[in-house]
Amino acid sequence: MSDYLDLGLTTPFMNASGFLGFNPARQLEKLNSLGGWITPPISHRRRQPASDRAIINFPGGVLIHNGLPNAGFRKVINEEASAWRRLTIPTWVHLVVESPQHIREIVSRMEDLDSVAAIELGLRDNLTTEEITSLCCAAVGKIPLVVDVPINWSNITVFEKMDLPNLLAISLSAPRGTAFSPAQKLISGRLYGPALFPQTLASLKKALDQSLPVILGGGIDSYHKGKQVLEMGAAAVKFDLPLWTGIIPE
Amino acid sequence: MQEFDLILEELHLFGGKSAAKLSLPLGITLGFGQYLLASTYDDLLPAVIFPQALEGNLMLSTPEIPSDWKVGSSLHVRGPLGKRFQLPAMVKRLVCASARDAGYLFKPIISSALLQSTSLVMCLDDPVMDLPDLVELQPIKNLPDLISWTDLILLDISLNQVDEFKLILNNVPASLPVFAFIHVPMPCAGISDCGLCAVQTSHGIKSACMDGPIFAWHELRSMT
Numbered sequence: 000m001s002d003y004l005d006l007g008l009t010t011p012f013m014n015a016s017g018f019l020g021f022n023p024a025r026q027l028e029k030l031n032s033l034g035g036w037i038t039p040p041i042s043h044r045r046r047q048p049a050s051d052r053a054i055i056n057f058p059g060g061v062l063i064h065n066g067l068p069n070a071g072f073r074k075v076i077n078e079e080a081s082a083w084r085r086l087t088i089p090t091w092v093h094l095v096v097e098s099p100q101h102i103r104e105i106v107s108r109m110e111d112l113d114s115v116a117a118i119e120l121g122l123r124d125n126l127t128t129e130e131i132t133s134l135c136c137a138a139v140g141k142i143p144l145v146v147d148v149p150i151n152w153s154n155i156t157v158f159e160k161m162d163l164p165n166l167l168a169i170s171l172s173a174p175r176g177t178a179f180s181p182a183q184k185l186i187s188g189r190l191y192g193p194a195l196f197p198q199t200l201a202s203l204k205k206a207l208d209q210s211l212p213v214i215l216g217g218g219i220d221s222y223h224k225g226k227q228v229l230e231m232g233a234a235a236v237k238f239d240l241p242l243w244t245g246i247i248p249e
Numbered sequence: 000m001q002e003f004d005l006i007l008e009e010l011h012l013f014g015g016k017s018a019a020k021l022s023l024p025l026g027i028t029l030g031f032g033q034y035l036l037a038s039t040y041d042d043l044l045p046a047v048i049f050p051q052a053l054e055g056n057l058m059l060s061t062p063e064i065p066s067d068w069k070v071g072s073s074l075h076v077r078g079p080l081g082k083r084f085q086l087p088a089m090v091k092r093l094v095c096a097s098a099r100d101a102g103y104l105f106k107p108i109i110s111s112a113l114l115q116s117t118s119l120v121m122c123l124d125d126p127v128m129d130l131p132d133l134v135e136l137q138p139i140k141n142l143p144d145l146i147s148w149t150d151l152i153l154l155d156i157s158l159n160q161v162d163e164f165k166l167i168l169n170n171v172p173a174s175l176p177v178f179a180f181i182h183v184p185m186p187c188a189g190i191s192d193c194g195l196c197a198v199q200t201s202h203g204i205k206s207a208c209m210d211g212p213i214f215a216w217h218e219l220r221s222m223t
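Note that the protein sequences, when read in sequence, are chains W and G. First residue of the first sequence: 0, per numbering that gives the first Met the number 0; consecutive thereafter. First residue of the second sequence: 0, per numbering that gives the first Met the number 0; consecutive thereafter.
Keep in mind the hints are simulated off the structure, nothing from the lab. Incorrect hints may appear among the rest.
Quick partial rundown of chain W residues pointing at chain G, CB under 10 Å, derived from the structure [what the hints assert, rightly or not]:
hint, residue
1, Asn14
2, Pro48
3, Val139
4, Gly140
5, Ala201
6, Lys205
Calculated lysine-lysine pairs in the DSS-like style (CA-CA distance at most 27 Å, straight line) [claimed, not checked]:
hint, chain 1, residue 1, chain 2, residue 2
7, G, Lys91, G, Lys205
8, W, Lys205, W, Lys160
9, W, Lys29, W, Lys160
10, G, Lys140, W, Lys29
11, G, Lys165, G, Lys69
12, G, Lys69, G, Lys16
13, G, Lys205, W, Lys74
14, W, Lys205, W, Lys184
15, G, Lys205, G, Lys165
16, W, Lys74, W, Lys141
17, W, Lys184, G, Lys91
18, W, Lys184, G, Lys69
Glycine is no exception: its CB is placed at the ideal position from the N, C-alpha and C atoms.
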């Protein structure tokens with residue numbers, strides 16, 4: 000069974016992408032339990048916040064739709080990468096998956112930096128096996144690769160069959176959902192909160208049937224739950240909403 | 000920004016909604032426009048807390064706190080956050096207009112205005128708040144009529160009301176200072192660059208949580 004040390008982390012705890020900023024140095028001073036951190040989603044080109052961005056509460060969780068805003072990989076690297084080098088824990092860059100060409104271009108640029116310990120490739124729902132293979136192959140290179148999929152991803156064994164030389168782990172993350180906004184508009188986005196935890200446990204059980212290390216996120220809102228899933232076999236754990244409240248209970 | 004823990008000492012009801020009374024640690028002061036972000040252990044998201052009154056280290060919030068907070072609740076607090084707004088001394092005639100709630104947010108600025116003998120008109124459609132006798136009350140539909148009278152306009156609106164108020168204030172001269180307190184969810188307070196509180200301005204996209212929540216009206220751009 001793999002553990003966080005095999006992933007290059009200093010503890011088994013991380014943030015989920017999008018819950019710390021592009022330069023989290025000040026937050027990390029206080030969050031000394033984190034053994035690695037993941038950037039917000041970074042795309043090839045600049046992405047504006049979604050015009051219908053929303054945060055919607057539902058019992059036990061929230062839906063967040065923000066459009067994954069970021070300045071595009073060139074600007075993010077120019078402005079932030081030197082700060083990543085000064086951090087005492089490894090930086091994992093989360094990429095918004097667009098096309099194999101874009102992934103190849105970003106990964107090549109990241110390889111010129113010495114501040115990126117891994118690339119987390121955020122795969123969206125509804126990709127065919129061919130598309131998944133093509134996207135993951137585009138990320139083959141010197142930097143270890145983590146594939147990031149929603150906890151309800153059905154095709155979890157596809158990755159070990161690819162036999163990618165730099166594939167480090169599978170990361171299970173927030174699933175997508177749809178909710179009514181206060182104005183009764185249907186909004187789709189990512190779901191977060193403790194209501195997801197039973198689904199997260201089910202997805203971990205399924206993911207442990209394959210051979211790659213599993214990093215688990217989704218509804219883990221305390222160190223106690225984190226330790227439970229580590230004991231089940233997860234290699235590391237990702238916190239999300241508790242990083243915004245500033246409270247991660249024991 | 001600092002982080003600290005507090006106990007919710009008192010709850011006060013205003014128009015059926017709860018406001019929290021908090022004893023802030025020494026050295027923590029909030030100006031108009033600034034806020035705290037507070038959570039209990041049961042909250043999924045932090046709540047934004049604006050002051051309606053400050054006396055020494057005691058702060059009374061606007062009546063917008065989560066309904067499940069109780070006296071004795073432990074709060075984890077971050078702040079002060081946001082940009083402080085100071086009423087210019089030269090302002091002798093001030094208009095405050097709240098299209099969002101009963102105007103409690105403006106209480107600190109009302110105190111400042113009255114201290115410097117500024118004449119004040121509040122535009123409210125839901126005037127449940129006790130206003131000092133010196134403050135004139137008008138409905139929001141009269142706001143355009145006050146443009147030629149006032150030295151400065153302060154708005155308290157939601158982000159989705161910007162376009163509506165662009166129409167209401169379409170004849171405001173560029174020389175008249177107008178500022179808008181923009182209400183929009185600010186769950187991360189700049190921690191994660193989440194973009195949920197993005198505001199379109201003439202200088203590009205700004206975050207209400209860090210660059211606001213008070214913005215110069217002439218810099219705000221249409222939301223559509």
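Hints versus structure:
no.: 1; hint: Asn14; result: holds, 8 Å
no.: 2; hint: Pro48; result: holds, 4 Å
no.: 3; hint: Val139; result: violated, 29 Å
no.: 4; hint: Gly140; result: violated, 27 Å
no.: 5; hint: Ala201; result: violated, 21 Å
no.: 6; hint: Lys205; result: violated, 26 Å
no.: 7; hint: Lys91(G) / Lys205(G); result: violated, 30 Å
no.: 8; hint: Lys205(W) / Lys160(W); result: holds, 16 Å
no.: 9; hint: Lys29(W) / Lys160(W); result: violated, 40 Å
no.: 10; hint: Lys140(G) / Lys29(W); result: violated, 49 Å
no.: 11; hint: Lys165(G) / Lys69(G); result: violated, 39 Å
no.: 12; hint: Lys69(G) / Lys16(G); result: holds, 13 Å
no.: 13; hint: Lys205(G) / Lys74(W); result: holds, 17 Å
no.: 14; hint: Lys205(W) / Lys184(W); result: violated, 34 Å
no.: 15; hint: Lys205(G) / Lys165(G); result: holds, 18 Å
no.: 16; hint: Lys74(W) / Lys141(W); result: holds, 22 Å
no.: 17; hint: Lys184(W) / Lys91(G); result: violated, 44 Å
no.: 18; hint: Lys184(W) / Lys69(G); result: violated, 32 Å
The structure shown violates the earlier hints numbered 3, 4, 5, 6, 7, 9, 10, 11, 14, 17 and 18.
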